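Based on the sequences and whatever the hints tell you, model everything.
Line order of the protein sequences matches chains A and B. Residues in the first sequence are numbered consecutively from 0, following numbering that gives the first Met the number 0. Residues in the second sequence are numbered consecutively from 0, following numbering that gives the first Met the number 0.
Each hint should be verified, as a subset may be incorrect.
[Stated by the list, open to error] Below 20 Å or equal to it, Euclidean Cα-Cα: the simulated DMTMM-like pairs (lysine to aspartate or glutamate) are:
1) 256/B / 139/A
2) 143/A / 252/B
3) 89/B / 207/A
4) 89/B / 161/B
5) 143/A / 261/B
6) 323/A / 94/B
[What the hints assert, rightly or not] Now the stretches of chain B that chain A is said to cover, found in silico as 3 or more residues with beta-carbon under 8 Å:
7) 119-133
8) 199-210
Quick caveat, the hints were computed from the structure, so don't treat them as lab data. Predicted model only: the values in this text are computed from it and were never measured. Quick reminder that beta carbons are idealized off the backbone N, C-alpha and C, glycines included.
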Amino acid sequence: MTAPLSPAGLYGPQAYLQAQTKWHPLEIAFWLATLLPFFLFPTYLSLASQIAITALFALSLDLILGYAGIVSLGHAAFFGLGAYTAGIISVHGWGDPLLGLVAAGLVAGSLGYATSFIIAHFRHLALLMITMGLGLLLHEVANKASWLTGGSDGLQGVNITPLLGYFRFDLYGYTGYAYSLAVLFFAFLFARRLVHSPFGLSLRGIRENPLRMPAIGAANAAHIRKIYTISAIIAGIAGAVLTQTTSTVALGVLDFQRSADILVILILGGTGRLYGGLVGAFIFMVARDQFSGINPQLWYFWIGLLLVAVVMLLPNGVLGGLAKLTASFRGRTS
Amino acid sequence: MLPPVFGVLFDGLAYGMLLFLLSVGLSVTLGMMNFVNLAHCAFAMLGGYVTATLVNAMGWPFLLTLPAAFLAAAAAAVILERTLYRRLYKAAELDQVLLTIGIAFMSVATAAYVFGTLQQPIQTPSFLRGSISFLGLHLGAYRLFLVLTGFLIAALLIVALEYTRFGARVRAAVDNQRMAAGLGINVEAAFAITFALGCGLAGLGGALAIEIVGLDHTFALAYLVYVLIVVSVGGLGSIGGSLAAAALLGVSDMFGKYYFPELGAFLIYLVMIAILIWRPAGLFGRR
Numbered sequence: 000m001t002a003p004l005s006p007a008g009l010y011g012p013q014a015y016l017q018a019q020t021k022w023h024p025l026e027i028a029f030w031l032a033t034l035l036p037f038f039l040f041p042t043y044l045s046l047a048s049q050i051a052i053t054a055l056f057a058l059s060l061d062l063i064l065g066y067a068g069i070v071s072l073g074h075a076a077f078f079g080l081g082a083y084t085a086g087i088i089s090v091h092g093w094g095d096p097l098l099g100l101v102a103a104g105l106v107a108g109s110l111g112y113a114t115s116f117i118i119a120h121f122r123h124l125a126l127l128m129i130t131m132g133l134g135l136l137l138h139e140v141a142n143k144a145s146w147l148t149g150g151s152d153g154l155q156g157v158n159i160t161p162l163l164g165y166f167r168f169d170l171y172g173y174t175g176y177a178y179s180l181a182v183l184f185f186a187f188l189f190a191r192r193l194v195h196s197p198f199g200l201s202l203r204g205i206r207e208n209p210l211r212m213p214a215i216g217a218a219n220a221a222h223i224r225k226i227y228t229i230s231a232i233i234a235g236i237a238g239a240v241l242t243q244t245t246s247t248v249a250l251g252v253l254d255f256q257r258s259a260d261i262l263v264i265l266i267l268g269g270t271g272r273l274y275g276g277l278v279g280a281f282i283f284m285v286a287r288d289q290f291s292g293i294n295p296q297l298w299y300f301w302i303g304l305l306l307v308a309v310v311m312l313l314p315n316g317v318l319g320g321l322a323k324l325t326a327s328f329r330g331r332t333s
Numbered sequence: 000m001l002p003p004v005f006g007v008l009f010d011g012l013a014y015g016m017l018l019f020l021l022s023v024g025l026s027v028t029l030g031m032m033n034f035v036n037l038a039h040c041a042f043a044m045l046g047g048y049v050t051a052t053l054v055n056a057m058g059w060p061f062l063l064t065l066p067a068a069f070l071a072a073a074a075a076a077v078i079l080e081r082t083l084y085r086r087l088y089k090a091a092e093l094d095q096v097l098l099t100i101g102i103a104f105m106s107v108a109t110a111a112y113v114f115g116t117l118q119q120p121i122q123t124p125s126f127l128r129g130s131i132s133f134l135g136l137h138l139g140a141y142r143l144f145l146v147l148t149g150f151l152i153a154a155l156l157i158v159a160l161e162y163t164r165f166g167a168r169v170r171a172a173v174d175n176q177r178m179a180a181g182l183g184i185n186v187e188a189a190f191a192i193t194f195a196l197g198c199g200l201a202g203l204g205g206a207l208a209i210e211i212v213g214l215d216h217t218f219a220l221a222y223l224v225y226v227l228i229v230v231s232v233g234g235l236g237s238i239g240g241s242l243a244a245a246a247l248l249g250v251s252d253m254f255g256k257y258y259f260p261e262l263g264a265f266l267i268y269l270v271m272i273a274i275l276i277w278r279p280a281g282l283f284g285r286r
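Shown next as structure tokens:
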């Protein structure tokens, strides 16, 4: 792309994109706050690493749902595939965590690329059904192929070697949280760079008006294929991190429930903002940790109620509501 | 004498009729208002619990509880439609998905809280138990009853939609909502009635399903997948399509379970994806 002239850097596409990529002080504060659990809540480090993993998974869904407008009811397929890949290669002696991440990303990305050819052609109900069908299909495959995956008993003998040959994944979760936070941070940097690029802008164009974009020369299907594959890779990496920090893989990683939960988390936080999934994951996981101690039966009642309330009252999620609040506040003061 | 394969075929057909009853309401409402109602099976579950409670706790005869199951689900549907669903008819499908999946979650938790997590067995009348011999096949009496009920309801629905004034209004609203409204048809009322009818049928299906697939608190989500498969494969708003897709799904599921148990549900999902890729609007869909 050639950049048009932007006098004094005040306007023009490049100036716009550059302004978008500037780090807001709140963002820096947010990432510094993610380090707090090490000092303030050292007993909750395993929960914190669960939150980081969920946030990473939500981030991957945000890329396709929030930016390209692809609703998926089967995103757990990629998460689960990554989790199983990392688990299975560790059973066969390749237990290095970083190797596991690469393998999980490759395998999940390949499936994402293969299915993206289908995804790019559908919208609405057919898309919901196809993504859900693919998710269920993979769950059934993992269930039936018990010689490879251990079936409903879960995978036996996951053996993760120490990170970089030195840091062991212990029960206290220091390594686990540091590792999942680092993976989340690097994936976030990548996603942030991506959505503020011209490619990210054209994705938003596709979300807003899929008919107009081809008319101005955008290759819709190719863009969707690309972002769907990237999202699958990140989801696969999230799954791998879960396997590596907990040393277990069970069929639950591929459940429809997981696909539904991650959608709930992202909607709760707010789509199309990158931080939405992170905030949503924090609220959801902390609430689940607190509520399930009291009454696990009723947990889904509150989630359901929350969903109804979010759709009816906060259509843009928590972050959308906050943005609206601050906007109206600013409007009043100025 | 007929070979046993016909017995499997018959069982599959009975199962298919059950799926038809569960899904036909969703097919019509989805086709009509483009409203993705993932809570559809929650209404079926409600019907199931109404029947189970009336039979087990109050001693009602099974057949009498079926209209009660229909009415209870229809009444719940009207209340929800007027309070929540109506506001989202024009919203994006994602919002509809989230709202209705939220309702489905709530129904699952409520059922677990009120009725516990155990299966709810019911006592069917003696003439529906046992089996009938026909050309050397032992046909379950209850399954025969299901097939007959399914065909009866399909016939009633087709007559009601094709040959009555109300049916003409509904079809007009399905085809072109704005034009129908412009011609003085009260689209909202037509939709509210259709929605109640569809959910009532789901309630009836849920009540009839107890004997075949059982009833517990996960029903609202466990059968959602099958119902969505029937609806999307059959084509939105097509009663004949739903009937055909439900029969196809029921028979192929039964065949899979008898002859290829190692494949599990794999085959069904694969066939669904293939059909949707081939015809995104379903086998009998018009759009």
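Hints versus structure:
1. 256/B / 139/A: Status holds; Cα separation ~14 Å.
2. 143/A / 252/B: 16 Å, holds
3. 89/B / 207/A: This hinted pair holds, its Cα atoms lying about 16 Å apart.
4. 89/B / 161/B: 27 Å, violated
5. 143/A / 261/B: 7 Å, holds
6. 323/A / 94/B: 19 Å, holds
7. 119-133: violated (count 0)
8. 199-210: violated (count 0)
The structure shown violates the earlier hints numbered 4, 7 and 8.
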